[in-house]
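Asker: Sequential numbering of the sequence shown, starting at 1, is according to my numbering.
Calculated from the structure, these hints are not laboratory results.
Mixed in with the good hints, there may be bad ones.
What the hints assert, rightly or not - Across the chosen pairs, the derived CB separations fall in these ranges:
no.	residue 1	residue 2	range
1	D67	H193	24 to 30 angstroms
2	T159	D225	41 to 47 angstroms
3	S164	F285	28 to 34 angstroms
4	G215	N93	40 to 46 angstroms
5	E133	N176	21 to 27 angstroms
6	A251	K205	46 to 52 angstroms
7	P69	G345	35 to 41 angstroms
8	T278	K54	40 to 46 angstroms
9	E133	K253	52 to 58 angstroms
10	K135	G186	36 to 42 angstroms
11	D67	D147	46 to 52 angstroms
12	L119	E310	34 to 40 angstroms
Said to hold, decoys possible - Quick list of in silico lysine-lysine cross-link-like pairs, DSSO-like style, CA-CA up to 30 angstroms:
no.	residue 1	residue 2
13	K175	K143
14	K235	K211
15	K135	K149
16	K80	K336
17	K175	K23
18	K192	K260
19	K336	K279
20	K175	K211
Quick caveat, the model's predicted, so the values are computed rather than measured.
Where is the CB? At the ideal position from N, CA and C, for every residue including glycine.
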Amino acid sequence: MSKKALIAMSGGVDSSVAAFLMKEAGYECMGVTMKLFDNEDVNVSRENSCCSLKDVEDARSVCFKLDMPYYVFNFADRFKEEVIDKFIYCYENGMTPNPCIDCNRYLKFEKLFSRAKELECDYVVTGHYARIEEKDGRFLLKKAVDDTKDQSYVLYSMTQEQLSHVQFPLGEMTKNYARDIAEENGFVNARKHDSQDICFVQEGKYSDFIKSYTGRDYKEGDFVDLEGNVLGRHKGIINYTIGQRKGLGLALKEPMYVVKLDLVKNQVILGRNEDLFTKTLHCKFINLITVDNILEPIRVKAKIRYRQPETWATVTQIGDDELLVEFDEPQRAITKGQALVMYDGDYVVGGGTIV
1 MSKKALIAMS GGVDSSVAAF LMKEAGYECM GVTMKLFDNE DVNVSRENSC CSLKDVEDAR
61 SVCFKLDMPY YVFNFADRFK EEVIDKFIYC YENGMTPNPC IDCNRYLKFE KLFSRAKELE
121 CDYVVTGHYA RIEEKDGRFL LKKAVDDTKD QSYVLYSMTQ EQLSHVQFPL GEMTKNYARD
181 IAEENGFVNA RKHDSQDICF VQEGKYSDFI KSYTGRDYKE GDFVDLEGNV LGRHKGIINY
241 TIGQRKGLGL ALKEPMYVVK LDLVKNQVIL GRNEDLFTKT LHCKFINLIT VDNILEPIRV
301 KAKIRYRQPE TWATVTQIGD DELLVEFDEP QRAITKGQAL VMYDGDYVVG GGTIV
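Construct the entire structure; sequences and hints are all you get.
Answerer: Okay, here's the thing in structure tokens:
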């Protein structure tokens, strides 16, 4: 009896090719698109956004061509709670979140994973560019073969149970090869553009989305330098993130950057570029993949942003849910709310949220 696979289908080329590869491998497949929000609620176009009618029709078309059943699951309530509300909370509290990581953690590999088990599916399959390997009874997350498309950074929160029941068929191929497969099979989305940025903020500033979504006003306050001298007025802390230079609206004698956000005083602290560099950070809400615990300091390569090369660091675990990370070289604009992800070669050691 063939094994069953639930294919998470966004309407894009990657998940469509993943579905094709699983069918070719002999799995009994079903395609599922997650409806994550009502477009009107977040004020984005029905035609050109994630969860759009076009995405659903593209996914349905591919499933029809592959003779697969297709469903749309409405996870909008869960998405609002775990992704949109958290996104807003972070910006209101001086942090810069990564909602794609939260979507993977709580929607794709929790909510959808649970639904797959209810449907007696053996695997959840996505179009992510990453690899999973089993070694000595432990499931490991690896970088994709295609470095330019590797998505292991946003998958660091996966558990052993999830890794043992998830497949990433595209992890061993390049994006161009995936497009060639789609074109050869006549998929309508073979040359569809990759999705960019945050799916529920289609255009404009994140702060504009937050103000529109919440209907709240955000108090103005002072820009100050590191000595506390007032430099001007800011338009509300949600408009700023660490390392920002553009959009400050100040005429200053030299380039100045956001180096700190003081919520208590409602101040945005500005400094020079060199003031952004530091070697140490703490992270919480950690998830470890290669080991259960870090019993003594370890050497890893780590990064603090998705599109950033890894750099050497020493990591020490503090208690059950905190890491102290000390980089060999100072890092620019370490930002609360972002993810710290650690690597041992191609393997993801684990990660956590910078606090």
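Asker: Against this structure, judge whether each hint is valid.
Answerer: How the hints compare with the structure:
no.: 1; hint: D67 <-> H193: 24 to 30 angstroms; result: holds (27 angstroms)
no.: 2; hint: T159 <-> D225: 41 to 47 angstroms; result: holds (45 angstroms)
no.: 3; hint: S164 <-> F285: 28 to 34 angstroms; result: violated (22 angstroms)
no.: 4; hint: G215 <-> N93: 40 to 46 angstroms; result: violated (18 angstroms)
no.: 5; hint: E133 <-> N176: 21 to 27 angstroms; result: holds (24 angstroms)
no.: 6; hint: A251 <-> K205: 46 to 52 angstroms; result: violated (21 angstroms)
no.: 7; hint: P69 <-> G345: 35 to 41 angstroms; result: holds (40 angstroms)
no.: 8; hint: T278 <-> K54: 40 to 46 angstroms; result: holds (44 angstroms)
no.: 9; hint: E133 <-> K253: 52 to 58 angstroms; result: holds (54 angstroms)
no.: 10; hint: K135 <-> G186: 36 to 42 angstroms; result: holds (38 angstroms)
no.: 11; hint: D67 <-> D147: 46 to 52 angstroms; result: violated (35 angstroms)
no.: 12; hint: L119 <-> E310: 34 to 40 angstroms; result: holds (38 angstroms)
no.: 13; hint: K175 <-> K143; result: holds (14 angstroms)
no.: 14; hint: K235 <-> K211; result: holds (12 angstroms)
no.: 15; hint: K135 <-> K149; result: holds (24 angstroms)
no.: 16; hint: K80 <-> K336; result: holds (21 angstroms)
no.: 17; hint: K175 <-> K23; result: holds (19 angstroms)
no.: 18; hint: K192 <-> K260; result: violated (40 angstroms)
no.: 19; hint: K336 <-> K279; result: holds (14 angstroms)
no.: 20; hint: K175 <-> K211; result: violated (37 angstroms)
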